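Peer 1: Make the complex out of the two chains shown on their own, each in a separate frame, by following the hints.
Residue numbers (the working numbering), protein chains in the order written: chain H, 1 to 616; chain G, 1 to 146.
Please keep in mind that the hints were generated in silico from the structure rather than gathered at the bench. Misleading hints may appear alongside valid ones.
[Claimed, not checked] Okay, derived cross-link-like pairs now, DSS-like style, lysine-lysine, Cα gap no bigger than 25 Å in a straight line: (1) H/396 to G/114; (2) G/51 to H/559; (3) H/51 to H/81; (4) H/431 to G/134.
[Stated by the list, open to error] Over 10 Å on every C-beta distance to chain G, these chain H residues come out as not near it, computed from the model: (5) 54; (6) 107; (7) 152; (8) 177; (9) 179; (10) 204; (11) 228; (12) 267; (13) 378; (14) 426; (15) 429; (16) 474; (17) 580; (18) 591; (19) 603.
Note that the structure is a prediction, hence the values are computed from the model and not measured. Every residue, glycine too, gets a C-beta built ideally from N, C-alpha and C.
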Amino acid sequence: MMNRTHIDTNNYLIKQLPMATVFLNKKLEVVYASDLWVKEFEFTNGKVIGKKISDLLQPISKDLKKDLKDCLEGNFGIGVKECLNEKDGPKKWTEWTNVPWYDEKENIIGVIVQTEHINQKINNEPNSERLQLLLKEKSSNANIGSWQFDAELDTLWWCDMTKNLHEVPADFIPDLDTGIEFYKDGYSRNTISMLVYRAMNEGIPYKEKLQIVTAKGNEKWIIATGKPIYKNDKYIGLVGTFQDINEQELINRKTNENELLLRTLIDSLPLNVFVKDLDSRKILVNKSELDFLGLKHESEALGKTDFDFLNKKNALIGREEDIMVMENGIPLLKKETTNIKKDGTKTSFLTSKIPLKGANGKITGLVGISLDISDLKNKEEELRNLINVTSLQNKKLVNFAHIVSHNLRSHTANFSMLLEFLVSEKDEEEKQNLINMLVEASDHLLETLNNLNEVVVINTNVNLKKQNISLTKNIKSVEKNLSEFLKNNNAKVINTIEADVKIKAIPAYLDNILMNLFTNAIMYKSPERDPIIKLSSTRENGYTILSITDNGLGIDLKKYGDKLFGMYKTFHNNADAKGIGLFLTKNQVEAMNGKITTSSVVGKGTTFNIHFNEDN
Amino acid sequence: MERELHLIYILMKTINSIFIIDDDPITVFGIRKMLDRTVEFKTISTYGNGKLALDGIIKVLTNEKAIPEVIFLDINMPIMDGWQFLEEFIVLPIEEKVRINIVTSSIDPADYQKWEHYNDKSHHLITFNTKPIKVSQIAAITKLAD
Numbered sequence: 001m002m003n004r005t006h007i008d009t010n011n012y013l014i015k016q017l018p019m020a021t022v023f024l025n026k027k028l029e030v031v032y033a034s035d036l037w038v039k040e041f042e043f044t045n046g047k048v049i050g051k052k053i054s055d056l057l058q059p060i061s062k063d064l065k066k067d068l069k070d071c072l073e074g075n076f077g078i079g080v081k082e083c084l085n086e087k088d089g090p091k092k093w094t095e096w097t098n099v100p101w102y103d104e105k106e107n108i109i110g111v112i113v114q115t116e117h118i119n120q121k122i123n124n125e126p127n128s129e130r131l132q133l134l135l136k137e138k139s140s141n142a143n144i145g146s147w148q149f150d151a152e153l154d155t156l157w158w159c160d161m162t163k164n165l166h167e168v169p170a171d172f173i174p175d176l177d178t179g180i181e182f183y184k185d186g187y188s189r190n191t192i193s194m195l196v197y198r199a200m201n202e203g204i205p206y207k208e209k210l211q212i213v214t215a216k217g218n219e220k221w222i223i224a225t226g227k228p229i230y231k232n233d234k235y236i237g238l239v240g241t242f243q244d245i246n247e248q249e250l251i252n253r254k255t256n257e258n259e260l261l262l263r264t265l266i267d268s269l270p271l272n273v274f275v276k277d278l279d280s281r282k283i284l285v286n287k288s289e290l291d292f293l294g295l296k297h298e299s300e301a302l303g304k305t306d307f308d309f310l311n312k313k314n315a316l317i318g319r320e321e322d323i324m325v326m327e328n329g330i331p332l333l334k335k336e337t338t339n340i341k342k343d344g345t346k347t348s349f350l351t352s353k354i355p356l357k358g359a360n361g362k363i364t365g366l367v368g369i370s371l372d373i374s375d376l377k378n379k380e381e382e383l384r385n386l387i388n389v390t391s392l393q394n395k396k397l398v399n400f401a402h403i404v405s406h407n408l409r410s411h412t413a414n415f416s417m418l419l420e421f422l423v424s425e426k427d428e429e430e431k432q433n434l435i436n437m438l439v440e441a442s443d444h445l446l447e448t449l450n451n452l453n454e455v456v457v458i459n460t461n462v463n464l465k466k467q468n469i470s471l472t473k474n475i476k477s478v479e480k481n482l483s484e485f486l487k488n489n490n491a492k493v494i495n496t497i498e499a500d501v502k503i504k505a506i507p508a509y510l511d512n513i514l515m516n517l518f519t520n521a522i523m524y525k526s527p528e529r530d531p532i533i534k535l536s537s538t539r540e541n542g543y544t545i546l547s548i549t550d551n552g553l554g555i556d557l558k559k560y561g562d563k564l565f566g567m568y569k570t571f572h573n574n575a576d577a578k579g580i581g582l583f584l585t586k587n588q589v590e591a592m593n594g595k596i597t598t599s600s601v602v603g604k605g606t607t608f609n610i611h612f613n614e615d616n
Numbered sequence: 001m002e003r004e005l006h007l008i009y010i011l012m013k014t015i016n017s018i019f020i021i022d023d024d025p026i027t028v029f030g031i032r033k034m035l036d037r038t039v040e041f042k043t044i045s046t047y048g049n050g051k052l053a054l055d056g057i058i059k060v061l062t063n064e065k066a067i068p069e070v071i072f073l074d075i076n077m078p079i080m081d082g083w084q085f086l087e088e089f090i091v092l093p094i095e096e097k098v099r100i101n102i103v104t105s106s107i108d109p110a111d112y113q114k115w116e117h118y119n120d121k122s123h124h125l126i127t128f129n130t131k132p133i134k135v136s137q138i139a140a141i142t143k144l145a146d
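The following block holds chain G by itself, in its conformation from the complex (with noise of 0.2 Å):
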């Protein structure tokens, strides 16, 4: 186990910048200690919901800093949600491919549908994960999108 997973560290490029957009501080804390332990990334930003995460892209992006690679995405959020923020952020002029992981408890097949239509929508790779995120899964989808 270990020693799998170190192989994978090794092969895995330094990520520079990291979004979690959570309202629930034990699934932000949850998913940054598996980060810790698996991944090389310089920067990890976490905002409560999507419109202080929005803002936080935007200051990013005046500031002409590095843009987060890959954003683990909560959907139900106050003041904007988890597909709010999406509806915002696809129309960003970033040209980038940003991975999204979309982390959520929901089992709602709507939830389901709104995913797909985001990932067609978006050149950005969007993906559906349903929580709890395993230790075994993080390193698998933190990689860059390519």
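Here chain H stands alone, though its shape is the one from the complex (with noise of 0.2 Å):
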């Protein structure tokens, strides 16, 4: 009873062990265990009392088995780390450590095991080992090495790689001047010296980039640090690292004599050329591109885009293009664009946009080239021009000479016609009445001559020059000049012009248009209503339009539009026509460089735009 007491109290100390604790008999049968034992492999209570360990645990390994006989002997277990594997899960590392179980008698009653659960323990031994290699993998790979230097016995300990590095044999001593004689004479020895002293006296650490010479007289880049060490506030010396750089440093270097080969290239191009990103951003223009958009620097334009610099029109073009090409990956070719800054100058460029590809094949923005061929366009335009005022004046020269060959021989052919007549009359009284139509026929040619000849003048006088003179002005002295007419007509004027509208006219040609189409107004008026005449003006691309605008008869411009301007064309019953007004106004009009346009309705009116040239 007393005994069983015991136990109970033994068995209810035992569970409650801060550690993984387990007593076994001699048969390594389990007499006591604490529930953390129980707990760490996970057994219920009730199935492990009187069970043996191996069959627990199976399988126990041998060193398990042999530590636990040992310390069944009285020998202290050495501990054992044991590895279990529960079914398919992860390995479970337990220390043993073992002793043996003695009675109050000294005898020895069995084992008193505690396990520790060493999982993160035992990974992480390989583990450093791993590092380990993994940093001398490292150390050949990134070609570090390392040194040390110790102060109390002024000595200099390389590793491999640093040897490797410098060329010299494995069994190589180097001591600090040696060591500092592998750099390069010059910048790199004298920088080296300096920094190791300062590392020394002033505890100052470095890293500088150097070239070293090597013991097979190889120059090398290399970056060199140092540090130094302190044992209880004491300098004891200096470590460091040693990394060649010598491949890098050589590949950076034709980098940049690339880059600047490059800048060089693009900056001396007589072209525009200019890499945007996706969104248009220039990051990258050179310095015609830069002239162009009156910058001085690089910097001012990149990370903007043509929105900055063009009007929004020709930047949204723009915009539209760089998206194509992009999202498409066709590169645009030669386009002719004109574009028009912000301060309205213009330049016209032959533009190719090629799509930029990143390392992966993406699209990354694009390449623009451009070149400037605003003066080829001047040309162009200036020679489009001179041909459309040659081939004009041609036109105008040969519609000339029919009018003057038409009208002409038409006089001729009467005077001829006339002329075959009287040879052949012999009645006197036909006769007096044939000359009479031949003088009459002479009355006509004369007056068909003065009209050419006008004609002719207006064409050649170049002695006029055009002024700049006032519309309402000189509409008021027509009116003037034509008040009797005007009022004997009963016709009113209505004239809208603002006062200030000036145009470039020649004052006598002026006078002539405006009464002449105020004469056609009248004359051509509406029998059912009185004459009302309206002017008023607008300014449209570069022309003042006079607009003339009558409540008259108007005309037919389908069946009259292309003679309307002819030469002695008339389209009304009118005694008074002549159809040499309207010929002689668009001879002065066009003389000007101007243009004329009507507009009419049958009944109601016509309308007169005489455009007057602002420019020549």
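Peer 2: Dropping the structure here:
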């Protein structure tokens, strides 16, 4: 009973032990187990007591078996690391500390076992090995060597990599002086000497890109680092690394050279070159492009888009092109564009946009190349204008030749015919009649010649210079000259032209034109109403347009439109009509580089629009 | 000369109606005078422009009177010129083949092309003559179109 109580008390105490503990008897059966131990191995308590440890944890390793047996023989266990493989679960490492279990009489009655979960530790061990390997691997891959200087012993230690980098044999023993002498004479050696001195005496670590000359005489770029180390605040030496960056450095230098070459090239090109990102922001512009944008430094253009420099319409078109090129990956080649900058200056370009692909083949932006063809375009424009003027003049000339020949021929034909009659005519009275007709024909011919001469004068008189004249003032003066005529016809003139409107015109021609159109408006007035003449002016495309609208008979332009301004063309049964007024008007307007257009509704009235050229 | 003309005169049939459409009184006078001397005809009507002539022809058609068999047509006239007249004339319901002599002082090739155009388009006989018309020519172009 007593014994029983003892065991229960023991049991109760052991259950609560703060470590995973198990008591095994000589048969290695479980006598007591702490709750933690049971929990550790995930047993349920009832199933543990009395069971053999080898059954519970099958299999147990030979090492553990031996260690437990040693304990039964009175030896302390040496500690065993046991791996338990849970069903397909992760490996579970436990460390077993075994000690013999004595009773009061110092008899061994079993083994007391403490287990500790050591997964973390076990995993760490191969890790640190791995780390070391990794470090070594890294150091050789990255060409980083290390070194150490012991100040007390005045010795310098180089690792294999460092020796490798200096191309010295493995048994080479460096010292501080030889170490420094490997640095290239001049800048590199001076710098390292100073840095090492400062590290030693002032405790300043360093990292510097320098050049060494190896034992085999090869020049190499390296990054040298160094750092003082202290023990109990006392300086005891230096540690540092030594990195071979020769290849990178050479590549860098080459890249820099290439970049410089490229930069010089694109800046000297007589082309505008730019690179844009996906948002059409400029990420590179050359000098020509900078000049075009009116900027001094590339930084002023970078990150900006066409919207910052060009007018909105141009910028929009450009952006659309960019998107097309970047989305479809198809270059836009030699497109003619006219860019208008915010200040209004126009430049014509022949532009190509080529999609720019990144290393992964994806489009990252575009390269643009523009050739300034403004001079060419201007010349082309000049040429085209010249051709237009020439062909227009040629047309006018041919037209005039026809007019002349037709009008002269019709009179001479009459002469010829009348003379033929006269020669064979015997009747005196008829003879006199024929002579009268000849005189009449002669008068007509003379009048025709005068009219034609007037046209020639208009078209050849280069001495008459255009002047800046007030439209309203001239209209007033014509109105005054015609005042009697207007009054007799009950005509009303409504002028809505602003007083300050000025035009470039030859005063005499303007008077003629106004006089003629005013007269026409009255002459072809509607019998049903009093004539009203309305005057107004607008500006459009470099022209000041004078509109003269009447409420007269109107004219069927479908029928007569092409003849309206022809010579000797009349359209109404009007005895006074000679068919010369509008013909001269048109010639005078055109002689001032203007034009004249008409619109008319039969029975309602006619509008003449005279376009006065503002430029020339 | 006189004999020759007389011979042609004999050979020619009497023409019922001749139209002269021209705004130049001297030309009208000349053509009339030449016709008087060389052609036998019943009536000559003269019109100062195409519109007047067209109105005249329409009046003749509605009154079922004799339509003109020969027309002398000027090109450059006010209101309605020779071409506009032709445009309207060739669509009139006239079955008889009318001789239309264009008489013009124009040497513009465009006018010549227009003549060809109307000549092809119409069943009437259209001739192109440049002024001045000579007495010797007049009889030949005043024959009835067959």
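Peer 1: Hints the structure violates: just list their numbers, smallest first.
Peer 2: none
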